[in-house]
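K.L.:
Here is how the chains run, residue by residue.
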Amino acid sequence: MMTRTRTLTVLVVSGAMLAALAAPAFALATYPPNKPDSTELINHQNVLGDVTKGLFWNGKAITFHGEAIGEVMVRGDYAWIHLNDDAYMVENIEEGAKLGGYNSGMAVWVPSALTKQIDTYGDYQHEGSIVSIAGVFNGACKQHGGDMDIHATSLRVLAAGHVVVDPVRPWKVVLAVVLASIAGLLFWFERKYRYLLRQSGRVGT
Amino acid sequence: MIVRPRLEDHLVIGKYTGKVIVGVGLLMVIPLLVSLGFGEWDTAVDFVISISACLIFGFGTQLFCRTEKDMNWSHGLVVASGAWVWATALGALPHYLSGHASSYLDTLFDVMSGYTTTGLYLLQDIDHIANGLNMWRHLLTYAGGQGIVVIALTFLFKGTSGAYKVYVGEGKDEKLLPNVVHTARAIWLVSLTWLVVGTAALTATGIWLGQMPIRAFFHAMWVFMGAWSTGGFAPQSYNTFWFHSLTYETICIVIMIAGSFNFALHWAMWTGNLKEIRRNVETISMFVTLSVTTLAATFWLAKANVYPDAMSLLRKVFYQIVSGHTTTGFSTVYAKAFVTQWGPIGLVVTTIAMAIGASACSTGGGIKGIRMGIMSKAFLQDIRRMVSPESALVSQKYHHIRDVWLDDGLVRGAMTITVAYVTIYAVATIVGVLYGFPLDQAAFEAVSAASNTGLSCGVTAPTIPALMKVTYIASMWLGRLEFMSVFALGGYLWSVVRGR
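Heads up: the protein sequence lines correspond to chains A and B, in order.
If you read the first sequence in our numbering, its first letter stands for residue 529, the second for the next number, and so on.
If you read the second sequence in our numbering, its first letter stands for residue 220, the second for the next number, and so on.
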């Protein structure tokens, strides 16, 4: 009986550990890259003599998904959200993600009512919800002063966001205590030395 | 014969450099408090480590470099440029400990960019960095804009007569008041007043735009610091494009232009001389060059049919050009859009605006309006000389706080610094081209770094070669300190090695 329980425990713990290790990779696999992704949309050409690519994406209906970042800014019936489809979409550096370059994403103009589905926006202490939208891409939006944006008509949350804990590293605490002590000692010595100079009649600056 | 510096010289330099670094350490208390306030414990520990490192350096040098000797000119120049190197090396610790940079070189790049009010960055995933680190990034640029030596002069130097030398070494030469420490305090009085008013205006706008009050406040303060110091850092990777608001952009434009003004002009207006803004050679020069570059960019982008209507066109062009001309580096377009939407002419026009830059003795960089004014006046004087009778005495003056007669010395000084800027723009461009970047993009990025602007067309990235990063760091440093004090540091190091 005891052996059985132990085997079961080992199996459950191993399974949990494997799942934890595989989760980011699995999550990434769940969200294939956007087509077009934000980099491709940003790089679309619209300069004289090279308008073909610009004509291709500008005004087209696209779907796009990414991490809801920062905050929602409600402006009446519509709101601004920002979706990042970069290397930190599923997991950020504090959670152990590898450095993967700059952030990259798209500004999305969306009916405010739809944003209520989004429970978390990404920042230092949060990984934002992963949100998929469908809408029209504007290389230079007439309604929004020439901003590059997507006007979304539908929104779906693919994964809820979560709290991120950035644990204090013990080696940093030890280093902080040691360095702060040395700094304190030097400060004391410096003051003491200056005091002694003053006492001896030499000006201590 | 090169004279080797004596022990006393090293002691003077060490002592005053230590004082400046203590100032940097004390400045880190502000982001430490922000981290504690937001419960960012790991970041708070990073700041304790960094503050301690600064204090060890500062108290250590003051303990071991004890002297009663005051600074001479070369000491002041060496202290100013050397303090910037140490302040960068130690100020980069919070960046490095955050884990958001691929190397220490990248963090040095970011901190030099901050102090020099450039605004280019290599930190990765800034949309997820701690509020404490964001506070430090923006504080760097705010402090760097007024001058880190100015901070030390304000709080740590007690009326030493050598203070003026180190103040000049940081690229400032205006004495608003007879005493240089009082001048430093006057600079802070102006800057802090603007900080309160600007932050209040942006906070109110942020709340109106839908931000939570606490985020609106911090974003407002950081954006203000980025705008006033003509630094260009912003809390989100989207820069000021994040806000999607004409009102927010308009306030930013006002702050950017105010930040690019000479502190002497600010002080003149502060003390009631409002006419100075209309008469000053720098504001006139800026008005002319800003108008010309804006018109050129508008004409080109209208022809290219990039923006859907005139309002969008003007809004985008004016914001980016003001940002470039004031050497701020805020943008409401994606970096790569300068290449893909603005095209080669748009890139060149923005590059010219950045190269000219802001006013002397301001938070901005570039060749500066006063030098453009002096060179233009000298050019006009030469034309007048040519068309006047040989016996005629042709004189020319310009107005900067008071009327100043143009002489050959002034023109030569302006030309020398201009040639130095053009040289560094060219060298940094060549390095970019040698690494395979197109000439227009390499020039845009090189001028942006050396004029301390911070606009990017996508060249600057964590993946660029280390030599390019080093070139940009050196360009930012040389550009901000206007060469002389950096050359003095080089001369000092050379004399240590080769002097007798």
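These are computed hints drawn from the structure, not numbers from a lab.
Just to be clear, a hint being listed does not mean it is correct.
Under the rule of at most 30 Å between Cα atoms (straight-line distance), these lysine-lysine pairs were calculated in the DSSO-like manner [as the list claims (entries may be wrong)]:
id : chain 1 : residue 1 : chain 2 : residue 2
1  : A       : K720      : A       : K670
2  : B       : K494      : B       : K522
3  : A       : K563      : B       : K555
4  : B       : K288      : A       : K720
5  : A       : K588      : A       : K563
6  : A       : K626      : A       : K588
7  : A       : K588      : A       : K670
8  : B       : K555      : A       : K670
9  : A       : K720      : A       : K644
10 : B       : K616      : B       : K522
11 : B       : K522      : A       : K588
12 : B       : K494      : B       : K616
13 : B       : K555      : A       : K626
14 : A       : K670      : B       : K522
15 : B       : K555      : B       : K522
16 : A       : K700      : A       : K670
17 : A       : K563      : A       : K720
18 : A       : K588      : B       : K555
K.L.:
Taking the hints in turn, state whether each one holds.
P.N.:
The hints, checked one at a time:
1. Taking the CA atoms of K720 (chain A) and K670 (chain A), the gap is about 68 Å. The hint is violated against a cut of 30 Å.
2. At roughly 39 Å between alpha-carbon atoms, K494 (chain B) and K522 (chain B) are farther apart than 30 Å, so this suggested pair is violated.
3. For the hint pairing K563 (chain A) with K555 (chain B), the CA-to-CA distance comes to about 19 Å; that is within 30 Å, so the pair holds.
4. For a cut-off of 30 Å, the pair hint linking K288 (chain B) to K720 (chain A) stands: about 21 Å separates their Cα positions.
5. Taken as a hint, the K588 (chain A) and K563 (chain A) pair is honoured in the structure, with Cα atoms around 12 Å apart against an allowance of 30 Å.
6. The straight-line distance between the Cα atoms of K626 (chain A) and K588 (chain A) is roughly 34 Å, outside the 30 Å bound, and the hint therefore fails.
7. Distance hint between K588 (chain A) and K670 (chain A) is fulfilled; the C-alpha atoms sit about 15 Å from each other, no more than 30 Å.
8. Straight-line distance between C-alpha atoms of K555 (chain B) and K670 (chain A) comes to about 20 Å, which keeps the hinted pair within the 30 Å bound.
9. This hinted pair does not check out: K720 (chain A) and K644 (chain A) have alpha carbons roughly 62 Å apart, beyond 30 Å.
10. Using a Cα cut-off of 30 Å, the hinted pair K616 (chain B) and K522 (chain B) is violated, with the two alpha carbons roughly 40 Å apart.
11. Distance check on the hinted pair: K522 (chain B) and K588 (chain A) sit about 23 Å apart at the alpha-carbon level, within 30 Å; holds.
12. Between the alpha carbons of K494 (chain B) and K616 (chain B) the distance comes to roughly 18 Å, so the proposed pair stays at or under 30 Å and holds.
13. Among the hinted pairs, K555 (chain B) with K626 (chain A) is consistent with the structure: their alpha-carbon atoms are about 24 Å apart, no more than 30 Å.
14. A hinted pair counts as satisfied when its Cα atoms are at most 30 Å apart, and K670 (chain A) with K522 (chain B) qualifies at roughly 17 Å.
15. The suggested pairing of K555 (chain B) with K522 (chain B) holds, with an alpha-carbon distance near 20 Å, which does not exceed 30 Å.
16. Taken as a hint, the K700 (chain A) and K670 (chain A) pair is broken in the structure, with Cα atoms around 51 Å apart against an allowance of 30 Å.
17. Annotation: proposed proximity of K563 (chain A) to K720 (chain A) is violated, straight-line Cα distance about 68 Å (limit 30 Å).
18. As the CA atoms of K588 (chain A) and K555 (chain B) are separated by approximately 20 Å, the hinted pair is consistent with the 30 Å bound.
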